[in-house]
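Each protein sequence line maps, in turn, to chains A and B. The numbering of the first sequence is numbering that gives the first Met the number 0, which starts it at 0 and goes up by one. The numbering of the second sequence is numbering that gives the first Met the number 0, which starts it at 0 and goes up by one.
Keep in mind that the hints were calculated from the coordinates and are not lab data. Note that the structure is a prediction, hence the values are computed from the model and not measured. Honestly, I wouldn't trust all of these hints.
Claimed, not checked - Distance condition first, Cα-Cα at most 35 Å in a straight line; then the derived DSBU-like pairs of lysine-lysine:
(1) A:K24 with B:K129
(2) A:K129 with B:K66
(3) B:K203 with A:K203
Number of protein chains: 2
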Amino acid sequence: MNSVCSISAPKGRPREFDIDVALGKALLVFWRNGYEAASMTELTSAMGITKPSLYAAFGNKEALFNKALDLYEREKLAYMTSALDAPSARGVAERLLRGALEMQMSTCDPKGCLGVISAATCGAEAETIKAAVVKRRASSEAALIRRFEEAQAAGELPEGMTPAALTRFLFAILQGLALQGGSGATCTELSELVATSMAVWPTK
Amino acid sequence: MNSVCSISAPKGRPREFDIDVALGKALLVFWRNGYEAASMTELTSAMGITKPSLYAAFGNKEALFNKALDLYEREKLAYMTSALDAPSARGVAERLLRGALEMQMSTCDPKGCLGVISAATCGAEAETIKAAVVKRRASSEAALIRRFEEAQAAGELPEGMTPAALTRFLFAILQGLALQGGSGATCTELSELVATSMAVWPTK
DNA sequence: ATGCCTATATACCGCTCGGTATGAATAGCG
DNA sequence: CGCTATTCATACCGAGCGGTATATAGGCAT
Numbered sequence: 000m001n002s003v004c005s006i007s008a009p010k011g012r013p014r015e016f017d018i019d020v021a022l023g024k025a026l027l028v029f030w031r032n033g034y035e036a037a038s039m040t041e042l043t044s045a046m047g048i049t050k051p052s053l054y055a056a057f058g059n060k061e062a063l064f065n066k067a068l069d070l071y072e073r074e075k076l077a078y079m080t081s082a083l084d085a086p087s088a089r090g091v092a093e094r095l096l097r098g099a100l101e102m103q104m105s106t107c108d109p110k111g112c113l114g115v116i117s118a119a120t121c122g123a124e125a126e127t128i129k130a131a132v133v134k135r136r137a138s139s140e141a142a143l144i145r146r147f148e149e150a151q152a153a154g155e156l157p158e159g160m161t162p163a164a165l166t167r168f169l170f171a172i173l174q175g176l177a178l179q180g181g182s183g184a185t186c187t188e189l190s191e192l193v194a195t196s197m198a199v200w201p202t203k
Numbered sequence: 000m001n002s003v004c005s006i007s008a009p010k011g012r013p014r015e016f017d018i019d020v021a022l023g024k025a026l027l028v029f030w031r032n033g034y035e036a037a038s039m040t041e042l043t044s045a046m047g048i049t050k051p052s053l054y055a056a057f058g059n060k061e062a063l064f065n066k067a068l069d070l071y072e073r074e075k076l077a078y079m080t081s082a083l084d085a086p087s088a089r090g091v092a093e094r095l096l097r098g099a100l101e102m103q104m105s106t107c108d109p110k111g112c113l114g115v116i117s118a119a120t121c122g123a124e125a126e127t128i129k130a131a132v133v134k135r136r137a138s139s140e141a142a143l144i145r146r147f148e149e150a151q152a153a154g155e156l157p158e159g160m161t162p163a164a165l166t167r168f169l170f171a172i173l174q175g176l177a178l179q180g181g182s183g184a185t186c187t188e189l190s191e192l193v194a195t196s197m198a199v200w201p202t203k
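Generate the whole structure from the sequences, applying the supplied hints.
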């Protein structure tokens, strides 16, 4: 009886595809096209499965997107949380900018930022999608604000510059970086943008 | 014979709607929804005309969008060219930021920037749309770069900071401003973003 | 071997999309 | 008046959309 140690006993016919691999393929399609423009036909063909399999495994298109968004945050946005460990506010900003730059310069992944693309893509149908993305961004923002509050307590911030304002300023640059990256900017242009941002970053 | 002074003698049945008013309505729909998500049904209903009238007057959806984009640049982005008249690079930046902020805070117009929305919305179908928007942005960028070259010649820029890099930095902030404005940021948050940007703007 | 349960594949659903054929209405011109 | 030219309104087109009904294939326990 070795069935005890195994994860479970899947009773019916076993699934013929790897659900995580398929989700990764779906992520790439959403990333390239945005939520609305990614059709089920393109998704299923990229994932190598048929529509009923997709619906059985993921629910529907919106649920699939949310799971892809989870994967995106977990794998591609890991640098955002790890950046908070930097010893100074300036170090946090630099890590965030360099992390975002590295992502845009990666040749294997699509350009642009899935979050930025999805938030800007605002068909009336996709209102709930937009809300989900904005909500996720808000939690990242909150974490960054908390980190900058520590920095402020440590006396790192110039007077009259609130942690929240600095956070939104940095986010604006990151969003601009992703947008320009998705619009055909070259790697040198983007790294110049990062360099300029670091050059003007406030020092008390 | 007073037909000489008139523009022309339109022979057939006269058009029953004002083509410029209709274009303005179409612009609002594109602005709110982006190119792809703006359906012909919503467009015609907002414009108060039927589909055949729309096609006869504007060609097709893409041509309508381009004409709406013309109108948008002419009316809503006028501050971008007038900002170049500011006496210093810093003044140019301030005028651009304040102009963008004013647009986001206007209560009558949709939030966000039509250009930003349309460039980020990149279904494979809308590739040509995206290219048109990016091309227009490039010409604005070029104008700003030229203005900052003058500033550099006047000794306004810090060493090692090229006009092109400063332009893309400023554009990134403007894009971030539009994106946050389109994602539900409040007016005070956006004006804080502008204030922070001006606070860190390089002074030689 | 026989049910049982699940995944697969095909074919299909209603709906909306951008775009158009068609015929009636309305003007100028002879 | 008739003729021509243009716009208007209705109704329609093929195609693609997200999503599903149905039937078959394939592992498990009994």
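Hints, verified against the model:
1. For the hint pairing K24 (chain A) with K129 (chain B), the CA-to-CA distance comes to about 24 Å; that is within 35 Å, so the pair holds.
2. Between the alpha carbons of K129 (chain A) and K66 (chain B) the distance comes to roughly 27 Å, so the proposed pair stays at or under 35 Å and holds.
3. With a CA separation close to 17 Å, the supplied pair K203 (chain B) and K203 (chain A) stays within the 35 Å bound.
Of the hints listed earlier, there is not a single one the structure fails to meet.
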